[in-house]
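Number of protein chains: 2
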Amino acid sequence: MLSVCLPGTGGFMPLIDRWLTCCWIEYQGHAILIDCGEGTQLALKKAGLHLSRLDMVFITHFHADHVAGLAGMLLSLGNSGRDEQKPLTIAGPPGLNKMIPALLVIAPLPYPVHLIELSPGDMIPGYGDITISCMALKHRVACYGYRVDLKRKPVFSPEKAEALQVPKQFWKKLHNGEAVQLSDGRIILSEDVIERARTPISVSYCTDTLPMPEIADFAKGVDLMIAEGMYGDDCMAEKVAEKKHSLYSQSARLAKEAGAKRLWLTHFSPAMQNPEEYLENVRMIFPNTEVGKDGIKIELEGEG
Amino acid sequence: MLSVCLPGTGGFMPLIDRWLTCCWIEYQGHAILIDCGEGTQLALKKAGLHLSRLDMVFITHFHADHVAGLAGMLLSLGNSGRDEQKPLTIAGPPGLNKMIPALLVIAPLPYPVHLIELSPGDMIPGYGDITISCMALKHRVACYGYRVDLKRKPVFSPEKAEALQVPKQFWKKLHNGEAVQLSDGRIILSEDVIERARTPISVSYCTDTLPMPEIADFAKGVDLMIAEGMYGDDCMAEKVAEKKHSLYSQSARLAKEAGAKRLWLTHFSPAMQNPEEYLENVRMIFPNTEVGKDGIKIELEGEG
Numbered sequence: 001m002l003s004v005c006l007p008g009t010g011g012f013m014p015l016i017d018r019w020l021t022c023c024w025i026e027y028q029g030h031a032i033l034i035d036c037g038e039g040t041q042l043a044l045k046k047a048g049l050h051l052s053r054l055d056m057v058f059i060t061h062f063h064a065d066h067v068a069g070l071a072g073m074l075l076s077l078g079n080s081g082r083d084e085q086k087p088l089t090i091a092g093p094p095g096l097n098k099m100i101p102a103l104l105v106i107a108p109l110p111y112p113v114h115l116i117e118l119s120p121g122d123m124i125p126g127y128g129d130i131t132i133s134c135m136a137l138k139h140r141v142a143c144y145g146y147r148v149d150l151k152r153k154p155v156f157s158p159e160k161a162e163a164l165q166v167p168k169q170f171w172k173k174l175h176n177g178e179a180v181q182l183s184d185g186r187i188i189l190s191e192d193v194i195e196r197a198r199t200p201i202s203v204s205y206c207t208d209t210l211p212m213p214e215i216a217d218f219a220k221g222v223d224l225m226i227a228e229g230m231y232g233d234d235c236m237a238e239k240v241a242e243k244k245h246s247l248y249s250q251s252a253r254l255a256k257e258a259g260a261k262r263l264w265l266t267h268f269s270p271a272m273q274n275p276e277e278y279l280e281n282v283r284m285i286f287p288n289t290e291v292g293k294d295g296i297k298i299e300l301e302g303e304g
Numbered sequence: 001m002l003s004v005c006l007p008g009t010g011g012f013m014p015l016i017d018r019w020l021t022c023c024w025i026e027y028q029g030h031a032i033l034i035d036c037g038e039g040t041q042l043a044l045k046k047a048g049l050h051l052s053r054l055d056m057v058f059i060t061h062f063h064a065d066h067v068a069g070l071a072g073m074l075l076s077l078g079n080s081g082r083d084e085q086k087p088l089t090i091a092g093p094p095g096l097n098k099m100i101p102a103l104l105v106i107a108p109l110p111y112p113v114h115l116i117e118l119s120p121g122d123m124i125p126g127y128g129d130i131t132i133s134c135m136a137l138k139h140r141v142a143c144y145g146y147r148v149d150l151k152r153k154p155v156f157s158p159e160k161a162e163a164l165q166v167p168k169q170f171w172k173k174l175h176n177g178e179a180v181q182l183s184d185g186r187i188i189l190s191e192d193v194i195e196r197a198r199t200p201i202s203v204s205y206c207t208d209t210l211p212m213p214e215i216a217d218f219a220k221g222v223d224l225m226i227a228e229g230m231y232g233d234d235c236m237a238e239k240v241a242e243k244k245h246s247l248y249s250q251s252a253r254l255a256k257e258a259g260a261k262r263l264w265l266t267h268f269s270p271a272m273q274n275p276e277e278y279l280e281n282v283r284m285i286f287p288n289t290e291v292g293k294d295g296i297k298i299e300l301e302g303e304g
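Sequence lines, in order, name chains A and H.
Here the numbering used here is used: the first sequence runs in plain steps of one and ends on residue 304.
Here the numbering used here is used: the second sequence runs in plain steps of one and ends on residue 304.
Keep in mind the hints are simulated off the structure, nothing from the lab.
There could be a bad hint or two in this list.
In this list, chains with the same sequence are indistinguishable; a pair is considered to hold if it fits within one copy or across any two.
No more than 30 Å apart at the CA atoms, straight line, and that leaves these computed lysine-lysine pairs for DSS-like [stated by the list, open to error]: (1) LYS86 / LYS261; (2) LYS244 / LYS86; (3) LYS45 / LYS153; (4) LYS173 / LYS98; (5) LYS297 / LYS151; (6) LYS293 / LYS45; (7) LYS173 / LYS293; (8) LYS244 / LYS151; (9) LYS45 / LYS239; (10) LYS261 / LYS220; (11) LYS243 / LYS86; (12) LYS244 / LYS172; (13) LYS297 / LYS45.
Treat the numbers as computed from the prediction; the structure is a model and nothing was measured.
All chains, please: the whole structure from these sequences, using the hints.
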């Protein structure tokens, strides 16, 4: 089960009642944070998330509203007792190896930070069976979208195992993908006792960007697509395009094309006081849409 | 009249109910901000201050809790319409010329920023008759205290002017420090018609530092001394000394020695949930002490 939360949903600047856009993905007490704008450490607290569980930070791009909170958050992590035994990984687009040390010059940390400058298409392992992949978006600076996949065990078939007369003591190994040799000499493969594979539990996070068909490919079939909604009103199309951002409707069309199970919109313009106002319109395009609110959470269990 | 506000009073990390320590000093619609930690732009908003009035930022030192909010705040200033016609000055201790560009690499600004790396004892002009001076404090990194003085006109003596038969049309010029020649050829100097000089309106701001006798000299006679109170409990003396900070009582003794008119304590440890708890104790040392609260304000009119 993958827990996903948007501690903040605003773009450009923090507001008194809306923190900056970021995403927290937690699995078995280990967490990934995507983006860390000014105030994100407070947004995490307000959402009831535990900073101490943080393993990896992914940065979409180096604009202040996505990264200016990093130094403060990492210092707080140090003050809460993190030490050299527990390194933190920070990954992001090209420039990361220069930008992160520049930003952290005001934050002497008591634990190691590993930097990973990603290339589009890279996949890196997270905790357990998690994989994180990235794609290049279209923004004013190099900007990446991320997808997190949690591999799930296939469905085991007790019927098949019994038909093959496999003693129960071997079932767990076989379910875990191992082969076993029985006392009568036969070798049983995992696939001999598997009913069917299960798709991973998956989340995609793409902001800030112009709408691109490649996003639908990248987010193909995800359980949760998190995408940009700078404005809900289609009249803002020109301004949004000029700043290289996306409208609700553009992200909803991508969610439909991707066959996503659900869509959460985020990164609202500070000028949009009530992001819910445009929800009904966008549900005409993609019914299972939510307008993100600070602290919105879901437990993804996957399907099938 | 000098308006002074502490939009935030916390040290080390922003809390849900306490912003990071900073100081806003405003005179005739022109403002100086000392320090800018994570969230300071929100703290200013909550305190009802107008970011657009900002002329100068002074940084005490380059620890995240004093400077990590700079990029976000300056971006917001740019988004609110500030342009190349209205530059901003940022001044602070050695290292500033390297640190500020590193921090602002995530914040492309549409207006010029002038950097001034100060040496201890430097005095620089602010808006109108304001002067800002600095001293070196004792912290773990180079750290400056600041003092803001607003020069006031002396007290004019109508009696002296009348005794010298100076026509009223010349009084304003003479009060402003100019000399005038009368129609009978006599030259009247400003000091001929001045009752007495008036001391400037003055504020000092010294955090983070070990207590030093030099602070009392620097803050001599100020209308408002703003000083560090990491802890109120004297039992914390050892920890505070180790981290190179100050206790309430240490700052109160300096205020007494300085002959300050009043003392505001700030930069409270996040561990101190109720900074007011130790107020009565410290008033035994310096009666006119306030424990700063986010948004505390005063209009200083000077004395005499």
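Verification of the supplied hints:
1. LYS86 / LYS261: Neither: 35 Å inside a copy, 49 Å across copies.
2. LYS244 / LYS86: between (38 Å within a copy, 27 Å between copies)
3. LYS45 / LYS153: Classified as neither: same-chain Cα gap 33 Å, cross-chain 51 Å, threshold 30 Å.
4. LYS173 / LYS98: For LYS173 and LYS98, the Cα distance exceeds 30 Å both inside one copy (45 Å) and across copies (58 Å).
5. LYS297 / LYS151: within (21 Å within a copy, 56 Å between copies)
6. LYS293 / LYS45: Both: 15 Å inside a chain and 21 Å across chains, each within 30 Å.
7. LYS173 / LYS293: Intra 43 Å, inter 61 Å, cutoff 30 Å: neither.
8. LYS244 / LYS151: Classified as neither; 33 Å inside a copy, 50 Å across copies.
9. LYS45 / LYS239: between (34 Å within a copy, 27 Å between copies)
10. LYS261 / LYS220: within (10 Å within a copy, 68 Å between copies)
11. LYS243 / LYS86: So LYS243 and LYS86 pass the 30 Å test across copies only (24 Å; inside, 39 Å).
12. LYS244 / LYS172: neither (50 Å within a copy, 58 Å between copies)
13. LYS297 / LYS45: both (14 Å within a copy, 29 Å between copies)
Hint check: violations occur at hints 1, 3, 4, 7, 8, 12; the rest are consistent with the structure.
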